[in-house]
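Q: Residue numbers (numbering that gives the first Met the number 0), protein chains in the order written: chain A, 0 to 136; chain B, 0 to 136; chain C, 0 to 136; chain D, 0 to 136.
A portion of the hints provided could be inaccurate.
Heads up, incomplete: computed chain A residues facing chain C, CB under 10 Å, no partners named [said to hold, decoys possible]:
#	residue
1	Thr-35
2	Ala-38
3	Ala-45
4	Ala-48
5	Thr-51
6	Leu-58
Sample of chain B residues lacking proximity to chain C, with all beta carbon distances greater than 12 Å (derived) [what the hints assert, rightly or not]:
#	residue
7	Asp-101
8	Thr-132
9	Pro-133
FYI, nobody ran anything at the bench for these hints, they're computed from the structure.
Glycine included, every Cβ here is placed at the ideal spot set by N, Cα and C.
There are 4 protein chains.
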Amino acid sequence: MHVQQMIATHPHVRGNTNDALIRCIEACLDCAQTCTACADACLGEARVAELTQCIRLNLDCADVCAATGLVGSRRTGSNELIIRRLIETCAEACRLCGDECDRHAEHMDHCRVCAETCRDCERLCREAAETITPRLQ
Amino acid sequence: MHVQQMIATHPHVRGNTNDALIRCIEACLDCAQTCTACADACLGEARVAELTQCIRLNLDCADVCAATGLVGSRRTGSNELIIRRLIETCAEACRLCGDECDRHAEHMDHCRVCAETCRDCERLCREAAETITPRLQ
Amino acid sequence: MHVQQMIATHPHVRGNTNDALIRCIEACLDCAQTCTACADACLGEARVAELTQCIRLNLDCADVCAATGLVGSRRTGSNELIIRRLIETCAEACRLCGDECDRHAEHMDHCRVCAETCRDCERLCREAAETITPRLQ
Amino acid sequence: MHVQQMIATHPHVRGNTNDALIRCIEACLDCAQTCTACADACLGEARVAELTQCIRLNLDCADVCAATGLVGSRRTGSNELIIRRLIETCAEACRLCGDECDRHAEHMDHCRVCAETCRDCERLCREAAETITPRLQ
Numbered sequence: 000m001h002v003q004q005m006i007a008t009h010p011h012v013r014g015n016t017n018d019a020l021i022r023c024i025e026a027c028l029d030c031a032q033t034c035t036a037c038a039d040a041c042l043g044e045a046r047v048a049e050l051t052q053c054i055r056l057n058l059d060c061a062d063v064c065a066a067t068g069l070v071g072s073r074r075t076g077s078n079e080l081i082i083r084r085l086i087e088t089c090a091e092a093c094r095l096c097g098d099e100c101d102r103h104a105e106h107m108d109h110c111r112v113c114a115e116t117c118r119d120c121e122r123l124c125r126e127a128a129e130t131i132t133p134r135l136q
Numbered sequence: 000m001h002v003q004q005m006i007a008t009h010p011h012v013r014g015n016t017n018d019a020l021i022r023c024i025e026a027c028l029d030c031a032q033t034c035t036a037c038a039d040a041c042l043g044e045a046r047v048a049e050l051t052q053c054i055r056l057n058l059d060c061a062d063v064c065a066a067t068g069l070v071g072s073r074r075t076g077s078n079e080l081i082i083r084r085l086i087e088t089c090a091e092a093c094r095l096c097g098d099e100c101d102r103h104a105e106h107m108d109h110c111r112v113c114a115e116t117c118r119d120c121e122r123l124c125r126e127a128a129e130t131i132t133p134r135l136q
Numbered sequence: 000m001h002v003q004q005m006i007a008t009h010p011h012v013r014g015n016t017n018d019a020l021i022r023c024i025e026a027c028l029d030c031a032q033t034c035t036a037c038a039d040a041c042l043g044e045a046r047v048a049e050l051t052q053c054i055r056l057n058l059d060c061a062d063v064c065a066a067t068g069l070v071g072s073r074r075t076g077s078n079e080l081i082i083r084r085l086i087e088t089c090a091e092a093c094r095l096c097g098d099e100c101d102r103h104a105e106h107m108d109h110c111r112v113c114a115e116t117c118r119d120c121e122r123l124c125r126e127a128a129e130t131i132t133p134r135l136q
Numbered sequence: 000m001h002v003q004q005m006i007a008t009h010p011h012v013r014g015n016t017n018d019a020l021i022r023c024i025e026a027c028l029d030c031a032q033t034c035t036a037c038a039d040a041c042l043g044e045a046r047v048a049e050l051t052q053c054i055r056l057n058l059d060c061a062d063v064c065a066a067t068g069l070v071g072s073r074r075t076g077s078n079e080l081i082i083r084r085l086i087e088t089c090a091e092a093c094r095l096c097g098d099e100c101d102r103h104a105e106h107m108d109h110c111r112v113c114a115e116t117c118r119d120c121e122r123l124c125r126e127a128a129e130t131i132t133p134r135l136q
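If we strip away everything but chain A, and leave its shape as in the complex, we get (with noise of 0.2 Å):
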């Protein structure tokens, strides 16, 4: 991923980059993908039936991650307030799809590596919201 050098030569940014966001917006587009992969792979277990909860909060996940990683990579203006709300959103939806996917860890890979994948996401996504101070608006 280019999160990093994209945002380093933004011309409202010079150099000046907040690292925690830019983890965090990397974490976010790589957790979309993972939920969007692991929502296929339960569709595709033989007990499917059992996982359609966890289909759910994959699919919800993913969005909001998708959403979350390209609103946070914009620095033209402001938008403080959406981004920080968007993220402290993305981390309890990751916090959710992650206790979910825990669930069927042991038995299931895909629900192994998708439960550590929102678990940093959650993570970096709490340490970037501490950075945003919204003004009021």
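For this one, chain A is given, so just place chains B, C and D on it according to the hints.
A: For chains B, C and D alone, kept in the frame of chain A given last:
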């Protein structure tokens, strides 16, 4: 749009639809398209340099609205906490984008239409949010 | 939806709208929501294990429709080659998803509505594609 | 990214991975983020009025790349025709965006990085497309 029909025919819903949520989903997808189009119309204006904050808020609002419309469409299992947080974040994104478009509404019809669409979406998001009670998770 | 209004007020369009493209954009966003909802409704069916191919085509169709609706909404500058290819790909995605949903339409109303929505979107994509002539690039 | 791990642990894949497709998916998500960030960086430039075609191609490329990365991640059931068409369309979107960014690469580092990312994504899409043989459908 077929939001009402699709939710009414869902096996877990069986006609017991949340009409405020249905209107919210329709508004979110409408607003995602409108904000995408407004960003592009602003980009086509001779005075684009004065509209960069407007374009940025449009793009952020479009991403949040699209994610909210899709996550809100899922009724299998449960993820009320994320739906509620996302709808609340979407209401704020629409408020900020609508405020900015309003400043240009007198001179640019696309910003006038977009401001109205954002206002409607904000209102319908707030009405839908009140109908969703997250369980402790 | 405000597709017609937004395109009519675009500074590069000035009322000279491509109505086939406008109908295509509306259909794509409608179909993205319908397919997302149909995937979720299939997931909620007791016989979900027989519907995994349907869910997969629904999710693919939703992703392609959403991208097509947004890319088709941009009128600044030009990118006809990509709009045309994407609309043609979208027509195929709708055809395949509509065919699959048709097989389940008798027993599940959400698949019946989704099949009809996919057929409409396929037809409107094909009509719009013919109006777009890519320049050699 | 966890693309390789997620596909290798899919119940229908069982280690028999298509490595060209895996590299393509990774490149598409990277390119979606890079093009989103380049559009925003162009928007932040003093000479934004000269960069509107670049911003438009960036936004289109980002939408196509994101959809391609997600659709390509699904391995349950089959939808080879759509994956192949989408990857081919993505290669063209990357070619056109890369060409445009190249024109500005000397003066703007974000366009230089984006042009390189688009070139890589184009090449990996073309390599992946050749490995996917759609069945007659």
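Q: Now, for every hint given, state plainly whether the structure supports it.
A: Hints and how they fare:
Proximity of Thr-35(A) to chain C holds as hinted, the smallest CB-CB distance being about 8 Å (cut-off 10 Å). Here the hint on Ala-38(A) is kept, as its CB sits about 8 Å from the closest CB of chain C, short of 10 Å. With a least beta-carbon distance of about 8 Å to chain C, the hint placing Ala-45(A) at the interface is held under the 10 Å criterion. Nearest Cβ of chain C to the Cβ of Ala-48(A): about 5 Å, under the 10 Å cut. The hint holds.
Annotation: Thr-51(A) was flagged as interfacial toward chain C, and the flag holds, the nearest CB pair being 5 Å apart, inside 10 Å. Satisfaction of the interface hint for Leu-58(A) is found here, the shortest Cβ-Cβ separation to chain C being roughly 8 Å, below the 10 Å cut-off. Look at Asp-101(B): its CB is around 15 Å from the nearest CB on chain C, clear of 12 Å, so calling it non-interface holds up. For Thr-132(B), the shortest C-beta to C-beta distance to chain C comes to about 20 Å, beyond the 12 Å cut-off, and the non-interface label holds.
Residue-level check passed: Pro-133(B) sits 19 Å from the nearest beta carbon of chain C, beyond 12 Å.
Violated hints: none; the structure is consistent with every hint.
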